[in-house]
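*Asks:* Chain order of the listed sequences is A and B.
Okay, so the first sequence: first residue is 328 according to the working numbering, each after it adds one.
Okay, so the second sequence: first residue is 7 according to the working numbering, each after it adds one.
Some hints here could point you the wrong way.
Keeping only pairs whose Cα atoms sit at most 20 Å apart, straight-line, the calculated DMTMM-like set for lysine to aspartate or glutamate is [unchecked claim]: (1) A:Lys427 with B:Asp139; (2) A:Lys530 with B:Asp59; (3) B:Lys82 with B:Glu113; (4) A:Lys638 with A:Glu481; (5) B:Lys199 with A:Asp672; (6) B:Lys76 with A:Asp433; (7) B:Lys118 with A:Glu453; (8) A:Lys399 with A:Asp438; (9) A:Lys717 with A:Glu649; (10) B:Lys198 with A:Asp668; (11) A:Lys416 with B:Asp139; (12) B:Lys216 with A:Glu649; (13) A:Lys638 with B:Asp139; (14) B:Lys216 with B:Glu174; (15) A:Lys674 with B:Asp207; (16) B:Lys199 with A:Asp668; (17) A:Lys427 with B:Glu174.
In short, the hints are calculated from the structure, not lab data.
Because the structure is a prediction, the values reported are computed rather than measured.
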Amino acid sequence: MAACMSIRRPMLSIVRASKCFIAQPVRYRWKPPDKDAVIFPKFSERLEEWKSAYEPPASYGINIGFHFHQDKKQDANRALDGKSRRDKKKHLEAAARHRKLRIDMDTMREDWNKESMPDHVCRIAEHYGIFHDMFDGAHFHPVVPLEVAFDHSEELFTPVCYGNIIPASETSKEPSIIYNSSEDSLWTLIMASPDGNLEENQKELLHWFIGNIPGSAMDKGEQICKYLQPFPPRGTGFLRYVFVLFKQEGKMDYAKLQRSIGGGSLRERSFSMHQFYKAHQSSLTPAGLAFFQSEWDTSVTSVFHNELDMKEPMFEFIHPPEYLPAQIQFPHKEPFNLYMDMYRDVKDLQEEVLKLKLSTVDPTKPPAPKLKYPNSDALPNEAPSWLRAKIQHQRLGQYQWRDLYEDRD
Amino acid sequence: MAGCLRKVLLPLPRATCNTSQLETIQNFAVQLKALRSLSTGSPRCMSTKDNSDYVINPVYHNRNPRNLEKMALARKRLGWKFQSPRKDYYNKLVLMRSSRHTNAWVEHQSGKIVVSASTAEHAISSQLYSLNDVSACENVGRVLAQRCLESGITEVFFDEASESTLSEKVSSFLQAFKDVDIALTEPEVQDKKFSPGVNYDGYNRYAEPKAWKEDYQDV
Numbered sequence: 328m329a330a331c332m333s334i335r336r337p338m339l340s341i342v343r344a345s346k347c348f349i350a351q352p353v354r355y356r357w358k359p360p361d362k363d364a365v366i367f368p369k370f371s372e373r374l375e376e377w378k379s380a381y382e383p384p385a386s387y388g389i390n391i392g393f394h395f396h397q398d399k400k401q402d403a404n405r406a407l408d409g410k411s412r413r414d415k416k417k418h419l420e421a422a423a424r425h426r427k428l429r430i431d432m433d434t435m436r437e438d439w440n441k442e443s444m445p446d447h448v449c450r451i452a453e454h455y456g457i458f459h460d461m462f463d464g465a466h467f468h469p470v471v472p473l474e475v476a477f478d479h480s481e482e483l484f485t486p487v488c489y490g491n492i493i494p495a496s497e498t499s500k501e502p503s504i505i506y507n508s509s510e511d512s513l514w515t516l517i518m519a520s521p522d523g524n525l526e527e528n529q530k531e532l533l534h535w536f537i538g539n540i541p542g543s544a545m546d547k548g549e550q551i552c553k554y555l556q557p558f559p560p561r562g563t564g565f566l567r568y569v570f571v572l573f574k575q576e577g578k579m580d581y582a583k584l585q586r587s588i589g590g591g592s593l594r595e596r597s598f599s600m601h602q603f604y605k606a607h608q609s610s611l612t613p614a615g616l617a618f619f620q621s622e623w624d625t626s627v628t629s630v631f632h633n634e635l636d637m638k639e640p641m642f643e644f645i646h647p648p649e650y651l652p653a654q655i656q657f658p659h660k661e662p663f664n665l666y667m668d669m670y671r672d673v674k675d676l677q678e679e680v681l682k683l684k685l686s687t688v689d690p691t692k693p694p695a696p697k698l699k700y701p702n703s704d705a706l707p708n709e710a711p712s713w714l715r716a717k718i719q720h721q722r723l724g725q726y727q728w729r730d731l732y733e734d735r736d
Numbered sequence: 007m008a009g010c011l012r013k014v015l016l017p018l019p020r021a022t023c024n025t026s027q028l029e030t031i032q033n034f035a036v037q038l039k040a041l042r043s044l045s046t047g048s049p050r051c052m053s054t055k056d057n058s059d060y061v062i063n064p065v066y067h068n069r070n071p072r073n074l075e076k077m078a079l080a081r082k083r084l085g086w087k088f089q090s091p092r093k094d095y096y097n098k099l100v101l102m103r104s105s106r107h108t109n110a111w112v113e114h115q116s117g118k119i120v121v122s123a124s125t126a127e128h129a130i131s132s133q134l135y136s137l138n139d140v141s142a143c144e145n146v147g148r149v150l151a152q153r154c155l156e157s158g159i160t161e162v163f164f165d166e167a168s169e170s171t172l173s174e175k176v177s178s179f180l181q182a183f184k185d186v187d188i189a190l191t192e193p194e195v196q197d198k199k200f201s202p203g204v205n206y207d208g209y210n211r212y213a214e215p216k217a218w219k220e221d222y223q224d225v
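Isolated chain A (complex conformation) (with noise of 0.2 Å):
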């Protein structure tokens, strides 16, 4: 009876039957896919359709940067020279056989900035989603390796890497931006957060701009658009902010934009990176890329009262709703009240909770602390079992009466 319901064994009865041209009766528990289909699509065909329930956007596949390639087998001979490993590493093996051999992350690090450095941040970039929401699915390797800071004294500073997590109090100033190039070339250096665009979800927000940096000295670029701090609203979770680093042909003349989004309103710095690109890719390439992420602090709220004069807003996660059958006159032993409550419109629960609420409060006074033993007093006497179970819900928090102590924690 169970295997009978089971999707292999319709496929098993599907074979016997092509053998022996008798067709086995298929038993499903309710509606079948469709009963004269005979014959079940491939696997192939499967794939095919489960594929196509996703539709990558436009450019997907498309590398707009410069090229990288990584000769692996050079690197291997690099690395032997010739001799064979044991010869080349011998002052090392003390420290190996002791279990002191502790490589040199620095060292490390600049080898493989030169090595595999872009083929792994263009795979983590990917992973974040970086190039589907900014560059409409094409990607590129960040070959130009970019070190992003943002300072707090001589020694202290948080650097921005691939999607670290960065508190928000520590972005208050603008960061420091070091890249190797020569003198003669001219870069575009963008700040732009795909989620942080309040108004417009599906757009970007522009946190800076300076264009025709000259080498790698930023004062002496051209300021499109001011730093603007990053202020993930509360209760949002963890909010994208990416720097990428464009190579020019020539002079960019961004009088046009700076415009447009020199006023430095949120409005105004509503952004989006791919129809930016779009409009200039001839004389504009990608090179370099960081990004990091940032949550809600207690300084995002002194962001959005002072630098942006608005009134700071607050999220909170809608859950997706939950299978509900069909209510029913005759229960068969369900609770009358609890039945009934789980199909009241959430409006009128709410309502009674706010109301209960609302008579306890007193708005001279701080709300009461929650009490460590909520049910110890007595239940009224003279009570039905159905209010007594009530009572003790909203003592508890329970259900939908979980609203009156929430913020008192």
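Following the hints, put chain B in place on chain A, whose structure we already have.
*Replies:* Below, chain B alone, put in the same frame as chain A:
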């Protein structure tokens, strides 16, 4: 609607601002503003700054594909109860030792490799004596842990059934993660706490007809 974030209009505690109360609170705010401007005529209400007409979207969608995983709200694959290797993770830490190389990587539940470190990289192997001894494992662990932190991965799942943690190679590899405070277990998914009631005005699943699903017929 699923997976979105709803805006709470006033900076009040979360519990006081539910769907039904949003409207009440919104109206209350308008009244309050009107009252203030009537009684004092203060210019504070008429903001002259740039953002006075900026409208914050009441339903905000965080497009960061990793956000819900970070907040432990995203769904995990369940797998079968005694299945090995386990499937219930967001990011899994894998150590693979071959006769020639030591490879380690962090694999996302979709099967993609997010971060990796290997002795096949010249950057690592140039400073090592052997490519598959204990110190190679330890150093690959250190490099991978560093790269995890740099890419925002602070919790990974390590399947202890896959590798004997008693082995010196594995334990020294894992120690590198413990040293930089990367948790080797992931947080449990935060499920919705039960609360009765149906939102009849918005999207609900009241008496939703059963749809044919390939996989879940016997559930």
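*Asks:* Now tell me, hint by hint, if it's right for this structure.
*Replies:* Verification of the hints:
no.	hint	verdict
1	A:Lys427 with B:Asp139	holds (12 Å)
2	A:Lys530 with B:Asp59	holds (18 Å)
3	B:Lys82 with B:Glu113	holds (14 Å)
4	A:Lys638 with A:Glu481	violated (35 Å)
5	B:Lys199 with A:Asp672	holds (18 Å)
6	B:Lys76 with A:Asp433	violated (29 Å)
7	B:Lys118 with A:Glu453	holds (10 Å)
8	A:Lys399 with A:Asp438	holds (13 Å)
9	A:Lys717 with A:Glu649	violated (23 Å)
10	B:Lys198 with A:Asp668	holds (18 Å)
11	A:Lys416 with B:Asp139	holds (14 Å)
12	B:Lys216 with A:Glu649	holds (13 Å)
13	A:Lys638 with B:Asp139	violated (58 Å)
14	B:Lys216 with B:Glu174	violated (53 Å)
15	A:Lys674 with B:Asp207	holds (10 Å)
16	B:Lys199 with A:Asp668	holds (15 Å)
17	A:Lys427 with B:Glu174	holds (14 Å)
In summary, the structure is inconsistent with hints 4, 6, 9, 13 and 14 from the numbered list given earlier, while agreeing with the others.
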